[in-house]
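Take the sequences, apply the hints, and build the full model.
Number of protein chains: 4
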Amino acid sequence: MQEISALETLRAFVAERNWEQFHTPENLAKSISIEAAELLECFQWGGENLRSAQEELADVLTYCILLADRLGVDPQAIVLEKLKKTGEKYPIEKARGRSEKYDQL
Amino acid sequence: MQEISALETLRAFVAERNWEQFHTPENLAKSISIEAAELLECFQWGGENLRSAQEELADVLTYCILLADRLGVDPQAIVLEKLKKTGEKYPIEKARGRSEKYDQL
Amino acid sequence: MQEISALETLRAFVAERNWEQFHTPENLAKSISIEAAELLECFQWGGENLRSAQEELADVLTYCILLADRLGVDPQAIVLEKLKKTGEKYPIEKARGRSEKYDQL
Amino acid sequence: MQEISALETLRAFVAERNWEQFHTPENLAKSISIEAAELLECFQWGGENLRSAQEELADVLTYCILLADRLGVDPQAIVLEKLKKTGEKYPIEKARGRSEKYDQL
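Residue numbers (the working numbering), protein chains in the order written: chain A, 1 to 105; chain B, 106 to 210; chain C, 211 to 315; chain D, 316 to 420.
One or more of the hints may lead you astray.
[Said to hold, decoys possible] In silico BS3-like pairs for lysine-lysine, Cα to Cα no more than 27 Å straight-line:
hint, chain 1, residue 1, chain 2, residue 2
1, C, LYS295, A, LYS101
2, B, LYS190, D, LYS416
3, C, LYS304, C, LYS294
4, D, LYS416, B, LYS187
[As the list claims (entries may be wrong)] With beta-carbon atoms standing in for the labels, derived distance ranges:
hint, chain 1, residue 1, chain 2, residue 2, range
5, A, GLU81, C, THR296, 43 to 49 Å
6, D, SER320, A, LEU71, 40 to 46 Å
7, B, SER110, C, GLU291, 47 to 53 Å
8, D, GLU331, B, GLY202, 43 to 49 Å
9, B, GLY151, A, LEU71, 15 to 21 Å
10, A, GLU88, D, GLU363, 25 to 31 Å
11, A, ASP103, C, SER262, 36 to 42 Å
12, A, ASP103, C, THR296, 18 to 24 Å
13, A, ALA77, D, LYS409, 49 to 55 Å
14, C, TYR312, D, LYS409, 44 to 50 Å
15, C, ALA225, D, GLU415, 14 to 20 Å
16, A, GLU81, B, ASN123, 22 to 28 Å
17, C, LYS294, B, GLU193, 49 to 55 Å
18, B, LYS206, C, GLN231, 32 to 38 Å
[To be verified] Residues of chain D placed beyond 10 Å of chain A at every Cβ, according to the derived structure:
hint, residue
19, SER320
20, THR324
21, GLU363
22, LYS397
23, GLU408
24, ALA410
25, ARG411
Source of the hints: derived by calculation from the structure; they are not laboratory data. From the three backbone atoms N, C-alpha and C, an ideal C-beta is built for every residue, glycine too.
In structure tokens form, the structure reads like this:
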């Protein structure tokens, strides 16, 4: 894993096309939702198309990395930080083997 | 950036709670859409709440990393692979400074 | 407005194609999210394409009517029923001219 | 079904709260995506919560009716209009019993 190189490649790709102007946090958030739905479409009618899912996941991740960059945060760091909070809401002994929301455990 | 450590922390978190059973590709795809919408909610009425956005982005990323793991692919690798295709659809000279879709450039 | 005729036209359309088998509540819910994102795409980069928006809105509505039918409820009735609850969470004197969530008013 | 009365009730509800200012087509489109994801959440881990689904569907429908009103179109009319196009893309003899997209039939 070399996040930095992916980020730098993405930054260069965007800069060459002069696309920074479109990449407000709000527009990137919309784009993440849009690509997430294209990913969901791979499972729309109960089957699954994992080859397409991989490509759509790449699109979601791309906009996530760009939004993290725009917010000035590191993707891995915010994932690990959030995981601590999630761990408090879902302690192992209560959450084990259950898919309910924390307020219904 | 240490993706591997985030991935391993996530894997342990999931395993301790015996949650692998819920993490089918389809359920993870649904979860990515659900969290993406919570991110979008930070911008629902035209304002922006960037502090909340960071937390919701973390949730989207978490499920993306778990889905990539489930599909057996590396998040960075699929982002870079997809970027090549995007570059072909959006050559610099045509796409520069424009937000139209490739078929309308 | 003749909801009944739209519903009956939709039911016939689905029956002729033998598509009821795909229209589980879950698959319809996924389809609503997918079409909602195509609607959002009309506003992705800050502009707006209202002609496309109308078509995508039609797709969202189509799946909503089918899901209501599947759940055995009337679309108008559940809208009006929910509005009562929303009115309690957002009393006029507190909510007037404000876009905050009810727990922040 | 009395769409007109639901629409008029919604219009009054919005006007009393002076919320028209927030209801741009884009904000309504975002709201539809956000509520659609809350609907999807009723099916997140493979189970289903149909009682919640009904309430979330009501929210999606509410914003759909408001957006149609904002676009100056009738919900039923655009559904029926779109259905004609869909019928051309999915002729009965080709689409019967199949869930593939029209370009893969």
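If you test the structure against every hint from before, which numbers come out violated?
Checked against the structure, the only hint that fails is number 5, while the rest are satisfied.
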